[in-house]
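**Student:** Keeping their order, the protein sequence lines are chains A and B.
Heads up: the first sequence is residues 1 to 529, going by full-length UniProt numbering.
Heads up: the second sequence is residues 1 to 529, going by full-length UniProt numbering.
Just to be clear, a hint being listed does not mean it is correct.
Simulated restraints on C-beta separations [to be verified]:
#1 B/268 with A/504: 43 to 51 angstroms
#2 A/277 with B/520: 33 to 41 angstroms
#3 B/332 with A/148: 38 to 46 angstroms
#4 A/148 with B/95: 23 to 31 angstroms
#5 B/504 with A/504: 55 to 63 angstroms
#6 A/47 with B/504: 39 to 47 angstroms
#7 B/95 with A/312: 26 to 34 angstroms
#8 B/512 with A/312: 27 to 35 angstroms
#9 B/383 with A/98: 35 to 43 angstroms
What the hints contain is simulated information worked out from the structure, not anything from laboratory work.
All C-beta atoms in this analysis are idealised placements derived from N, C-alpha and C, irrespective of residue type, glycine included.
Number of protein chains: 2
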Amino acid sequence: MKRWNGWGDESVDMHLAPTAKALLAELVGEGEPQQDVSLEATIARVPTSRLPAHPLVDRDPEVRLRHAAGQSFPDWVHVRSGSLARFPDGVALPTTADEVRSLLRYADEVGARVIPYGGGTSVVGHLTTPAGEAPVLTIATTRLNTLTHFDETNRLASFGAGVTGPDLEAALRARGFTLGHYPQSFEYSTLGGWVAARSSGQQSLGFGRIEDMFAGGTLHTPAGDLVTPPLPASAAGPDLRQMVLGSEGRMGILSEATVRVRALPDSERFHAVFFPDWAHGEQAVRAISQEGFPLSMMRLSNALETRTNLALAGKERLIKGLQQYLELRGVGEEGCMLILGFTGSRELVKLSRRKALSICKSYRGVHMYRMLGNAWRKNRFRTPYVRNGLWTMGFGVDTLETCVSWSRVGQAMHDIEHALRTALEPEGERTHVFTHLSHFYSTGSSIYTTYLFRLAPTGEETLRRWHKLKSTASEAIVKHGGTISHQHGVGEDHRPYLVHEKTPLGIEALKANCRFFDPNGMMNPGKLV
Amino acid sequence: MKRWNGWGDESVDMHLAPTAKALLAELVGEGEPQQDVSLEATIARVPTSRLPAHPLVDRDPEVRLRHAAGQSFPDWVHVRSGSLARFPDGVALPTTADEVRSLLRYADEVGARVIPYGGGTSVVGHLTTPAGEAPVLTIATTRLNTLTHFDETNRLASFGAGVTGPDLEAALRARGFTLGHYPQSFEYSTLGGWVAARSSGQQSLGFGRIEDMFAGGTLHTPAGDLVTPPLPASAAGPDLRQMVLGSEGRMGILSEATVRVRALPDSERFHAVFFPDWAHGEQAVRAISQEGFPLSMMRLSNALETRTNLALAGKERLIKGLQQYLELRGVGEEGCMLILGFTGSRELVKLSRRKALSICKSYRGVHMYRMLGNAWRKNRFRTPYVRNGLWTMGFGVDTLETCVSWSRVGQAMHDIEHALRTALEPEGERTHVFTHLSHFYSTGSSIYTTYLFRLAPTGEETLRRWHKLKSTASEAIVKHGGTISHQHGVGEDHRPYLVHEKTPLGIEALKANCRFFDPNGMMNPGKLV
C-alpha cells in the first residue's frame, strides 16, 4: 500500500549503505531520529466534514487525510510531525467526464473550493487545503485511468487524465509504442498532473517536454468544457493547449488527454563519462546540446554530487577501484560524472554515441562504458525512496531546480549552492549541497540542486530551517533570471517568485484568464497566481 | 521599388513559358487581360486624414495607400480594380520602443484604431482598415529592423521586429549562424509578422516552426509592456509567449524579438523522388515523418501539381526526356514528385538521406538525384511573382492550407480539391486545382492547395467567384477537423471558421485575453476574434 506519510509503496525500502550514516554525520552532524505521529492519531484529528452529502463524495476521515498533502517539504513536516492543520472536507473519485461536470456543479452550489488531485506527488504545495470558511472538495482523477483510444496511423493515444506513468507505458508498450515521459515521480504521477504542472521527464532531450507530447484534451472548467483538438500544428491564433499546460488546477480539471506517441526504439544505451572538473564537463554538454545530433538524455553531476553518489552507493571496493583508475586517467577529487543516453534506431544510436563520446574526449572526458549508465537506469525512479530512510535517521532532504541560459549556468549553480550552504550557518547548522544538470537545450540548461540538513527537534523549527534555505536559494535563482521552476510547477511554494519571470502585467493576465474560466474563484485557490 | 499593386520588386518578373498561355486556356479557358487602375488615380481617391498631426505620423496619401492592403486575394482585387474603400489615416514608422509606446498613447488619446504592419505580406486580411468613425493609425515596424544583440554562447539573437527574412539571415550568416525560417514570403515578411501570425517556414521539418524559434520579446500593449524572457524552458505556469504567438496585433505590437539560432550547417542537399501514384507517395512521407531521423524539408506534389509544374517549367525537351525515363521506371500520368531536403553535419545528412531514400524505394519511389531538388531551391521564393503575370493575363490564383491527422490527409485533400473544382461549375467556369504536402509531423501533415480560375469582367464579380471558392473549400477543411490555417494565420478571411477549432468557449477566452491587454478595443479590430 502507498505510504500515507512518505514516498512510495510501504513494501519498498531503499537502504543506505552502512557507511552512509557515518558519512552523513561527518557532512552535517549526527541526525536526531524522528518520532512520527501515527496514522490513527492523525485520523482522529480530521474534523467533521463541512460538505453536504453527495453520492460521489467520500467524507471518510482517512480518505480525506490521504488526499490532504503532496510531497513538498512542508507537506512532509506537517504530516510527520502532526501539524497538518487542514483537510479537504470530501474526496470524489469520478469515473466519467459527466461525473466531473456534476461534481463541479455541486461544488459551485454548495460554495466549495475544489482541489484537483492526480498522483499526489506535487513537491511545491499544489494540494494544500485552503484556509477559510468555504468547504473544500478534492476531486481525484484516480479512476479516470484507462486508455480510451489508440490510433496507430496518427500516432495518438488518449487516456483518462489519472493514468499513472507505469500504466500509461504498459498500455502503449503492449502495442509497440511509447510516450517516453519519465519524471522521477513516474511511479505515481499522472498524465493530467504532468500537463497541469508542465512536467519534464528524464529523457526530455530526446522525447521532449510534456508540452511537446500533449496534443489536446478536455478541461472541465466552471465556465464549461474547454476541448482542444489533437491537431499536428496550427497557425490559427494563440494555442489554447498552452493555457491548459501549467494551469495547475486554477482553470479546471482535465479528464482526458491525448498524447503523441512513438514506436518503441530499436536500441537504447546509457554510458558514463568522467571529466576532470566542472568546467570541462559543462563545456562538453553545451557542445553536445548545440551540435544537433540526437541524444535522449544527459545528466552531469558536479564534483560533490559525483563523490556523494559514489560514497552512498556502498560498493566500497568497486568504487575504490574505479577511483584509482580515474586517478590514473587524470580525474581526481574534482571529477564530474556525466551519464549519456542514446535512444532510437541502431544506426542513429551508433552515430550519436560516436559523436557525443568524441566531443567528451575533446574535453578530457574519460569514457567508463555502460556499467554506471546501466546503474543509473536501474535506479532512476528509486531516489525518492531514500528520503524515507533519511528522515527516519533525522535528515531532511529536498531539491530545487531552475533553468538558465548557458552563460549563467556556472555562476547560478555556485550562487544557489552557496546560498543553501551558508543559510543555516548562523545557527550552527551545516547543509550538504550538490547539483546536476539534467535537461538540456541549445540555449541553456536546467540546474537541479539537492540539499540535505538536520531535522530540528520540532516540526516547527524544521520548517523554519527549510523556509530559510528555500527562500535564500529562490532569491539566488531569480537574481540570475532563472525560472522558479523548470519541471515542478509553481503551487504555493514558488508563487512569491513567479512575478520575476512573468512580470506584474503577465501575472494579472494569468489571473484574468483564471477568472474567465472560474468567475467565482473556486478552483484551487492560493496556487500559481 | 516594391510593387504597390502586386508581389515583390518591380524589377523582377517571372515570365511564364510561351506554352503556358495555351495550357491555361486549355485548363480553364482564355483569360481576359485586365485593365488595372493606376497609382495616381488611386492616390487621388485617398480621403483626407481624420488623424490630428503627430510628429511620427505620416498622413501623405501615397504612404497611406501603400500600407492599406496586404496580399490576400480580396486585397489584390480591391487594389487592382480600384475598389479599395478604406485607407489608414496615417502611417508611423517608429525607430524605438519608446516611440511605439508614445504612438499607442497618442492613438488612445485621439480614439484611433491601430493596425500593426510588418512586411505587408498577409494573405488573410490582417491589414484591412476597419470601417467606422474612428480614425485608423498604421504602425509599421519597418525601421525597427536591426540586430540588437547577438549571443553566441546562448545561441540567441535579438532583432527589431521589423527585420525581414534576408536581413535577418544576412546578419546571422555573417556570424556563422542561421535561423532557418523560410516562409515563401521570406523576401518581405518580418520576424514580428512571423510571430504574430504563427508562421512556418519551408524547412520547418528540420528547424521547427516560429513557436520553436521565438524565445521571447517585448509586446507593447495598451495595458503596458509584456516582456517575455528568453528562457530555455520553464514549468512556471502557462507560457505567456504562447499568448503573443498568433495574437495578430490584437493584443499589441512587438518591437523586439529574441530567437534561438543555430550554427550554419556543414551540408545541405535537396533530392527529388517520383512515386507512381499518390498513395505510395503519401505512405512514404508518413513513414519518413514517423521514423525519427532528421530531414529539413519534404514537399510531396500530387499528380496534377507535378504535371502542372513540369508543364509550366517550359523546358520542353528536358521534361519530355524526364517523362520518358520515368515511364520506363513505372511512373506515368499519375506520378507524384517529392522533394526532400537534408541539412546538418555531413554524417547526419548522409545517414538521413540513405534512410529516407531507402524508404522511398520501398514505396516504389524513383530517385531522380539532385537536379530537380536544386531547381526547387533556386525558385523557392519566386512563386509569388508568377501571380503578377497570371493576373495580367486574366487569371486569378490563390492558395489555401490546413493541417490534419494522417488518416485524414487523402480524403481531406480530395474534398478540398473537389469543392474548388466544382464551385464555379454552375456558372460555366472551370477551376484548375492542385495540391502538395509540405510540412510534416509524426501525427499528420499540412495540405497546401493552389487554385487558378479566370478573372471576371469586374472586380466585384471576381471577388464573388473567389468568395464562393474560398468558402466551399474552408467548409471542406473544417468538416475534416482541419485547422483553418497551418501557417498563414486567421486575419479577416479565416475568422468565420476559427470557432470550429477553438470552440465557442475558447473564442470567448481569447476575446477576454485581448480585452485584458486592450480594454478599449483599439488594437487591430475585426481580425482573429
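**Student:** Against each hint, give a clear statement of whether it holds in the structure.
**Tutor:** Going down the list of hints, with the structure as the test:
At about 45 angstroms, the beta-carbon gap between residue 268 of chain B and residue 504 of chain A stays in the expected band of 43 to 51 angstroms. Separation of residue 277 of chain A from residue 520 of chain B is about 58 angstroms and departs from the stated range, judged on CB atoms against 33 to 41 angstroms. For residue 332 of chain B and residue 148 of chain A, the hinted distance range of 38 to 46 angstroms is satisfied, since their beta carbons lie about 44 angstroms from each other. A hinted range of 23 to 31 angstroms for the beta carbons of residue 148 of chain A and residue 95 of chain B is inconsistent with their spacing of about 55 angstroms.
For residue 504 of chain B and residue 504 of chain A, the hinted distance range of 55 to 63 angstroms is not satisfied, since their beta carbons lie about 31 angstroms from each other. Checked against the given bound of 39 to 47 angstroms, the beta carbons of residue 47 of chain A and residue 504 of chain B, roughly 42 angstroms apart, stay inside it. Distance hint check: the CB atoms of residue 95 of chain B and residue 312 of chain A are about 60 angstroms apart, inconsistent with the given range 26 to 34 angstroms. Between residue 512 of chain B and residue 312 of chain A the C-beta distance comes to about 52 angstroms, which lies outside the given range of 27 to 35 angstroms.
A C-beta distance of roughly 51 angstroms is found between residue 383 of chain B and residue 98 of chain A, which places it outside the suggested range of 35 to 43 angstroms.
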